[in-house]
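Undergrad: Residue-level listing of the chains:
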Amino acid sequence: MGTRDDGPDRTATRINHMPGAGTARADAISAGRHEMLTDTLRKQIKSLAERGLKRPRIGADAVCEALLAQGVDLFFGFPGGVLLPLYDVLGDYPELRHILVRHEQGASHAADGYARASGRVGVCLGTSGPGATNLVTGIGNAMLDSVAMVAITGNVVSSLLGKDAFQEIDITGITLPCTKHNYLVNNPNDIPRVFAEAFHIAATGRPGPVHIDITKDALMGACTAEHPATVDLPGFKPNFEGNYRQVKLAAQEIARAERPVILAGHGVLIADATEELREFAEKTQIPVAHTLLGVSAMDETHPLSLGWVGMHGWKHVNRAIQSADLLIALGMRFDDRVTGHVPTFAPYARIIHVDIDPAEIGKNVAVEIPIVGDVKRVLTALLPLVPAVEPESRAAYLTELAEWRVESEKTPWHGSGAWRNGQLSADFVVCKIGEATNHDATIVADVGQNQMWAARYAGFRRPNSHISSGGLGTMGFGLPAAMGAAMGRPDKETWAIVGDGGLQMTVQELMTLVQDHIPVKIALLDNHKLGMIRQWQELIYAGNYHSSHLLGPDWLKLADAYGVAGFRATKPEEVDAAIAAARAVDGPALVHFMIAEEQNVFPMMPAGKGLSDLLEEQFEEPKQ
Amino acid sequence: MSQTGSNPGTPADPAHPAPAHTAPPARALPGHGEAHRHVLVAIVLNKPGVLNRVASLMRARNFNIETLAVSHTDQPEVSRMTLTLRGDDVAVEQAAKQLYRLIDVLKVQDVTSDSTVEHEIALIKVRADERNRGEVLTIADMYKAKVVDLAAESLIVEATGSEAEVDALIALLRGFGIKELVRSGTVVMSRGTGSIEEAVKR
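Protein chains in written order, with the working numbering: chain P, 1 to 624; chain G, 1001 to 1202.
There's no promise every hint is true.
With a Cα cut of at most 25 Å, we get these calculated DMTMM-like pairs of lysine to aspartate or glutamate [as the list claims (entries may be wrong)]: (1) G:LYS1097 / P:ASP335; (2) P:LYS492 / P:ASP272; (3) P:LYS237 / G:ASP1110; (4) G:LYS1047 / P:ASP170; (5) G:LYS1125 / G:GLU1153; (6) P:LYS163 / P:ASP190; (7) G:LYS1047 / P:ASP190.
To give an idea of the interface, some chain P residues facing chain G are shown, with a C-beta separation under 8 Å as derived from the structure [as the list claims (entries may be wrong)]: (8) ILE174; (9) LEU176; (10) ALA203; (11) GLY235; (12) ASN239; (13) GLY362.
Hints were generated in silico from the structure; no laboratory data involved.
Bear in mind the structure is a predicted one, so any value in this text is a computation, not a measurement.
Just so it is clear, CB atoms sit at the ideal spot from N, CA and C, and this is done for glycine as well.
Turn these sequences into a full structure, and let the hints steer you where they fit.
TA: So this is what it looks like as structure tokens:
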């Protein structure tokens, strides 16, 4: 028997290694592989008519039209092989602005920041495989914080799905538990309906991210379907109006209460109910506490604004909650960072819980009066039912809260800006940024100590002027989210307050700021530490500091390398000038604040403890 | 560092004065009652991936599904799932509410305490030869089970009934040696004229 080593034996039978060779399915897979490399489908369609307005409408056109139909004028994305048909037609839609990020995580956080600042749906885009998985952190962040977002990914040609093709991953399987809903689209004619449904689901009721995965052949194939004017989702009917009987019960409770506290959450901002909240609080003379994501739901200078509750909230607020006889929880979900140890949470209070998501009722805390509905509508229904209360009749209560507040807010170094041994204190920096921007800028925090300082000390007066990664606690959120926020509210100044740890996670978006002229001002609170980790290690792990000290680059050189204006402040007296210099820049700027390395965020409720078990700073007289 | 506040709400604690007019109600953590078996019926859209969504949600929310039966209803676009799971009332209510959040879920009902017809089917391959076959047949007969296959050394019993009835039969047959066992999972329907499918959200 002869060997074949010496060349092809022309007489031998050729073997086709394609599984199921000759069947229609095998042919489709072969065609799909070819398609991934050559875009023949697209070329065939193009060859039918010349480019321009007369070219046939393909799935990618339907995507662009759908975005425009939903009022999208801007989205954040990063291209890839399977998205090329979309990028090929994007130029034909000049009304759609695409911002090229440097990493898909930046795109999803930017869409998140955009949505929170503007109240519109944020849109981000990534390619199949790694592009899609990189979006996931931002999608999860939007899920936990109930942010309206539509995340679009491309996927391989549908005949290759499940073949582990190049850059194929089961991304709808991955996003299933961290989205409000998701879609896999493999027919171009499904695109208009799916987009209409996705935007409706993302923005209606309790908002959340919706993910649309579109195969390359669906983007390239001819599309004849029209955009629907309405959506038909029989399984999605959020309940907006609170049950009137429950609302009346709530009114009775409120009339009876002697030490009531309102607990305002993100839902107040999402429902655009800040005016209703103020009116309600004023009529009933009930002080308003808020959660981390409820910061800016009420003007902090309002006499009834009490402040921020929870793990790093103000002590006087936590005391008010613990001594309250009635909590009126509006659009919040009793996160463990708010309640601490639930059995000791608000032990004297009956609870009215208003939330649009029925699953939040009784999930973390058993409540007496649940009301499922939109906060704005429930407050509107409640307002005429509650008696107007004269401030005098609550005088004793409100005076006591005011006394607690004075005690809670005194911080000896705060005015001087110098923490121990004259080192720059972070709260002073944040306070100065708030003052310099007249408490009107959008302040976007990263995660960790910087986030807590931002929420505590910047001073918020305008709704949605505070943006923070609450539920997921995503380090690296600050810079890209600020990028989105600046695009969402271009009329407002935008500051990112970030730490040196978080900024190093997504620092590449500095380049996006420069390329797209996005005027974000970055306040880098640099303590050469993963500050919150260090704080926990100090207070809970007996000072066993492992991996919480980190090096950073020479930040001014880095900013310079990116083409971002950089400034530095190392002493309290340099802070004002540095902030002013950054604000004077037409475009992005970074201020490197070298803050004290060991300043902690106090008070602090240790995990597993209750709101009454706060750790507090031992005051040290500043050394002269 | 100082730790302020000890036992919250103790009247002696000056930082947290108790209001005079009210005694502290128990702030219960939801979901720590007695666990027992619950039967949930979910009416869902008949779309690809719905089963995955339901299963994924139950896993993510830490509920353990004991049985799950899925089939079409008389409406081709609607499917019906019957789930049984163990948990206390609050936990299962939470599971039902979480299921409701799924866009493809039309209706969820906990029918545990309703008057229902509840059935599952089991096929049990039991060791039985000429010496004890009669005994197996007698037991099967008492449970109104049918013998659907007969071989020299085994037979297959087809049993229908509630989960408890099937459990009881299996316990009796175990003594003969069960070679193979498959159960369909419970399906359930409320008695009377009311219809959960007519009550769906559409």
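Undergrad: If a hint holds in the structure, say so; if it doesn't, say that too.
TA: Taking the hints in turn, this is what the structure says about them:
1. G:LYS1097 / P:ASP335: Given pair LYS1097 (chain G), ASP335 (chain P) holds - Cα atoms ~18 Å apart, limit 25 Å.
2. P:LYS492 / P:ASP272: 18 Å, holds
3. P:LYS237 / G:ASP1110: The hint holds at about 20 Å.
4. G:LYS1047 / P:ASP170: 18 Å, holds
5. G:LYS1125 / G:GLU1153: Roughly 10 Å between the alpha carbons, so the hint for LYS1125 (chain G) and GLU1153 (chain G) holds.
6. P:LYS163 / P:ASP190: Cα-Cα ~23 Å, so holds.
7. G:LYS1047 / P:ASP190: Measuring from Cα to Cα gives roughly 14 Å; hence the hint holds.
8. ILE174: The hint is violated - ILE174 (chain P) has no Cβ within 8 Å of chain G, the shortest such distance being about 11 Å.
9. LEU176: 5 Å, holds
10. ALA203: 14 Å, violated
11. GLY235: 5 Å, holds
12. ASN239: 11 Å, violated
13. GLY362: 5 Å, holds
The structure fails to meet hints 8, 10 and 12 from the earlier list, while all remaining hints are met.
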